[in-house]
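Using the hints provided, position chain W relative to the given structure of chain D.
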Amino acid sequence: MKDTENQETIQKEESMVLQKSMIADHFDDLSEVKNSGKKVVYTFVPGNLNELIWSFDMLPVHPEINALQSGMRKKSGDYVLEAEKYGHSEDVCTYVKCDIGMLKKGNIGPTGKPIPPPDLLLLSYTGCFTFMKWFELLKLEYDCPVVMLHIPYQADGKITDPMVEYSVRQLREEVIPAMEKVSGKKYDEEKLKKFLASSSRAEANLVKVWNSAKNRPSPIDAYFGGVYYVGPIFTAFRGLEQCERYYEKLSEEVAQRISIGEGPTTPDGVMKEERYRLVVEGPPNWTSFREFWKMFYDEGAVVVSSSYSKVGGLYDQGFRHDPNRPLESLSEYCLGCYTNLNLPSRIDYLEQSMNNFNADGFLINSIKSCNSFSAGQLPILRELEKRTGKPGGFIESDLVDPRYFSPSNIKNRLESYFQMIEARK
Amino acid sequence: MAETIEEMDLDQLLSFTETLYEDLNLSYVKEWKEKTGAQAIGYLPVYVPREIIHAAGMLPVGIMGGGDNLEIIRGDAFYQSYICHIPRSTIELGLSGRLDVLDGMLFPAICDVIRNLSGIWKILFEDRYVKYMDFPQNFKSEIGGKFYMYELMDLKAGLESLGGKEITAHCLRDSIRLYNQNREAVEVLYRLRSDSPHLVSSFELYLLMRAGNILEVSEHTRLLDRYMDLVIEEDRPKRDYIRVLITGVFCEQPPASLIRALEQSGCYIVDDDWMLGARYLLKNVSTSEDPFKALTLSYLYDGIPNASRYIDQEEKGAYLLDRVQKLKADGVIFAAPSFCDPALLEQPMLQAALDKVEVPHTAFKYSENTGQFQVIKEQTGTFADSIKLWGDQ
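So the protein lines, in turn, are chains D and W. Counted the way the numbering used here counts, the first sequence spans residues 142 to 566. Counted the way the numbering used here counts, the second sequence spans residues 2 to 394.
Next up, chain W with everything else stripped away, as it sits in the complex:
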């Protein structure tokens, strides 16, 4: 067994990411805490400024629900059948003690379900730090920016009180640097996949991105770098697949095996919005000014257009179309968790934007514990075939 990431071969590295993905007990986080004596803070999708958690000396841990390997016993007693799956599996993780390793939890403003889950968490886990992160939908620095600064200061105060360590501008700037490096590595990985989708499988990319939810940021950056060093040496066959973007997957996640099934159906996924939090800021955060202000300005001006963010000036769907064109995608797959308000309400608007310029698209729904992929696979396979047969007409 390799001692360090740099010593891992590709199989070892992928096996490591798979272990992290499947480990609902967060063993890595436990070990990290034992090693460092520091605390860990969980957060739900989509975006939180992880830099601040890191600057507090804590480990930010992304919680994306329980996936398809978690049996829901208590969680179902909290939610009706017409609520999406992620809150019930998150409750299950919490009540089964799997999240005891987390000293606090952040619930970002994304939808009413996650918003209300923050209240349930306050009731269930009274002794833990719980914060609902409100994100302004006004993007002027003197209005929304000022409010966001208050939110960041509140987070800062909460973490300082919890950890007993001041978050200095110096520490935060260092953390921003590390997250900028990580953002760049992610960007390079995504570019590599888009340029050579036969080399970088989306299943592998997905596991690598999931690892970023758990690993300390520098370690994750090293993992991405090592993967890229290894994978470009691989001899993997080019297939006659279509190039697709997948969108709508930013919160509740599909099972990783569903991603593999999509690829097997004849689709090279050249862009996606899973783990959107890691790609939420389209540019690096400035390190030359007050770091809280820098994070605020990044949120206001460099946030990726997505369903949880109000689109004010820009045309709806413009970002998606731009990605389709830049990445030379043949079509778009709309994948949305059942009962997901943000994804499903967004979908008709994005579809209309694609229809205007005749970009083909297809749509399906899933839940994190979807077990049967055959129908979806047939659907996306037919989509791929139709583009291959009639795409240029």
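Only chain D is shown next, with the shape it has when bound in the complex:
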């Protein structure tokens, strides 16, 4: 069944409608910047400084989100090929190539409306080396300033004072002055604090949603459904009132599902039977997202926790944006994103997820072009099997390059994996 046909069968909950309208409004705002005079900031999801951007009344754009949206709308394949025509290697990150390809083809965004060029490239280098090269590439394409926020890596599994100090000083002495210059507005810390307070409330509700997966059946899918749940908070909306509203609504809907013992909502309706509870590591494939998800829910497999839904913040570990320490808190947020954790910390986190959510198994979707996630996943798999005694599975695909999604191969592997879990139960 085609995705478009499939879409008609989704049961639209209020939170879904709300999110859809938030996204549509945001893209409308972006397409209207010529008239509104608003400034546009391109930046990345992990370690994004949304509240700071909004405090200057600027509009954020996240190239990875455009890329994954292009993937879901079957446009990324052409964009990737377009970038490869310009000399970009087949070996590198397909988000980058999708973005470059989209740019070369007119920068028409996923909703069909043009995305305005940036007034500022905010290079938040957090947990992914490619980010740095990505914005160096964009710098050649756009006539606008670039400001770098370099976030140190948590190599020893902890955030140290020098790391925070380094990040705060960059915010204070590099990022904020650049934003003041571009926006023509003075830094307003009180305004920033209000956004941060709002973020903190939204984050608390998101954590309730994550924790709901401890129920049997889980009322949510924390991977496939999870990517929708993190939509507002990971992208343009964290800090805004509508984002808070979204998470209140979502939290209510999930509580309602728990009260009636209902499983997660899938594209084919409510999942009937929960047979396997999984923890998943790694981003999903976007080009065949629905097909990929169906391979799970058809077998009664629900993802109770995933690392990918933590790339934009480990709120479940207690982090909250703190309006009383605005710049320190933004720095600690950036430092704490999942891909900025060292490998032992990632293993600890995944083990904890296995235990907290009573998972039956652990699955890695290894992404061909994402070294930040993928390099080291095989030892992660072995270590987790050793520690938990639960079976680990391993599949491979890519972010937005459709050439690297092999449905029959993945389905076969998943079926064998589910049998393995069954045998170990």
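A few of these clues could be false.
Stated by the list, open to error - Listed below are the simulated DSS-like cross-link pairs for lysine-lysine, each with C-alpha atoms no more than 25 Å apart in a straight line:
(1) K317/W x K226/D
(2) K299/D x K357/W
(3) K161/D x K566/D
(4) K280/D x K332/D
(5) K299/D x K157/W
(6) K226/D x K357/W
(7) K566/D x K413/D
(8) K226/D x K366/W
(9) K179/D x K246/D
Hints in this document: simulated from the structure, not taken from any laboratory.
Using the frame of chain D, we list chain W on its own:
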């Protein structure tokens, strides 16, 4: 057999470098440790401040993967096929006990693969000193410089605790002097090759630079000096080769025989970025101020533009173009390890800079265990022929 470097003839000297290159068991390091009773610290590409290791009385040892002579048995179980080769061969070296001679290992911030390898190392070798060296991408002394100072102090503390010896300013300044001398010798060698590429073959230069990963720094400087003294006396034929720069080779290394194949295809390599760590600082480090501060300022202001370093103010590719012009190169060869994010993401930007001023270039990928060079050789040979035939048009 010659007793000292100064007694070696050219064949003996080159044979010595080849032995060091091929010795995956690090026999030299073992002997050095037995002789001195001191410790050895490994480091991965690209750059670490070796001066600090040296000042701790330890031997810095550059690990550039396993090359084409190492059979990978365990390493492949750690990495998917779409990850570059150097981490799997490094794991293989580690798990096979070949790196047991190293008391610690440094993993510099260069890319996500090496970054994550630092975590794997912590798990596999719990009893060893392991440090991920973070390098600031902010180059202001009061911001990035301050953070880098913390990193250097952390390294200092780690090495002092491991070796039980304080790293004093005096010792560090002495080490900086020795590395400055080495930097100068390397620079002279590179200039000699560029001026007389028929005399200094890149294959030989490569082996000499690789020797710098292993040898104690003064010994390496003597080796370079001796080589230059000998090679300028050689009568080697000048060939009708083109002059090329090779770039992208700063981490996982091509097999040395691939370098020889490139030369044989009609290319004089007049500059390169292999062993970039030894040339990372473009100027000598000051010995007249606090040595930690001096190392910090050198990193901030004198670091060579490369793919792992954020280019803030300067135009992308400006350094490469400058080298092309200064060295009168006819073209550029982009050689990148398969799946190498830094080299491959950098490549289109550098190519665009070359295209603007019509500098010819060609590109190929390799891995450290590439065994078949014929296709690459034909490609670079055709590149050389095309420049010779149509280069001036």
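Would you mind confirming whether the straight-line C-alpha gap from K299/D to K357/W stays at or under 25 Å? Between K299/D and K357/W the Cα gap is close to 46 Å, so the pair fails against 25 Å, i.e. violated.
For the pair supplied as a hint, K566/D and K413/D, confirm whether the alpha-carbon distance does not exceed 25 Å. This hinted pair holds, its Cα atoms lying about 20 Å apart.
Is the Cα-Cα distance between K226/D and K357/W 25 Å or less? holds (18 Å)
For a C-alpha distance cap of 25 Å, please report whether K161/D and K566/D respect it. Given pair K161/D, K566/D is violated - Cα atoms ~40 Å apart, limit 25 Å.
Pairwise hint evaluation, K246/D against K179/D, where the allowed Cα distance is 25 Å at most: Distance of about 24 Å is within 25 Å: holds.
Check the hint pairing K299/D with K157/W against an upper bound of 25 Å on the C-alpha distance. This hinted pair holds, its Cα atoms lying about 19 Å apart.
Taken at face value, is the distance from the CA of K366/W to the CA of K226/D at most 25 Å? Given pair K226/D, K366/W holds - Cα atoms ~17 Å apart, limit 25 Å.
Verify the proposed pairing of K317/W with K226/D, using a straight-line Cα cut of 25 Å. Holds. K317/W to K226/D sits at ~20 Å (cutoff 25 Å).
Tell me if the straight-line CA distance from K280/D to K332/D falls inside 25 Å. The given pair, whose Cα atoms are some 30 Å apart, is violated under the 25 Å limit.
Hints 2, 3 and 4 from the list above are not met by this structure, while the remaining hints are.
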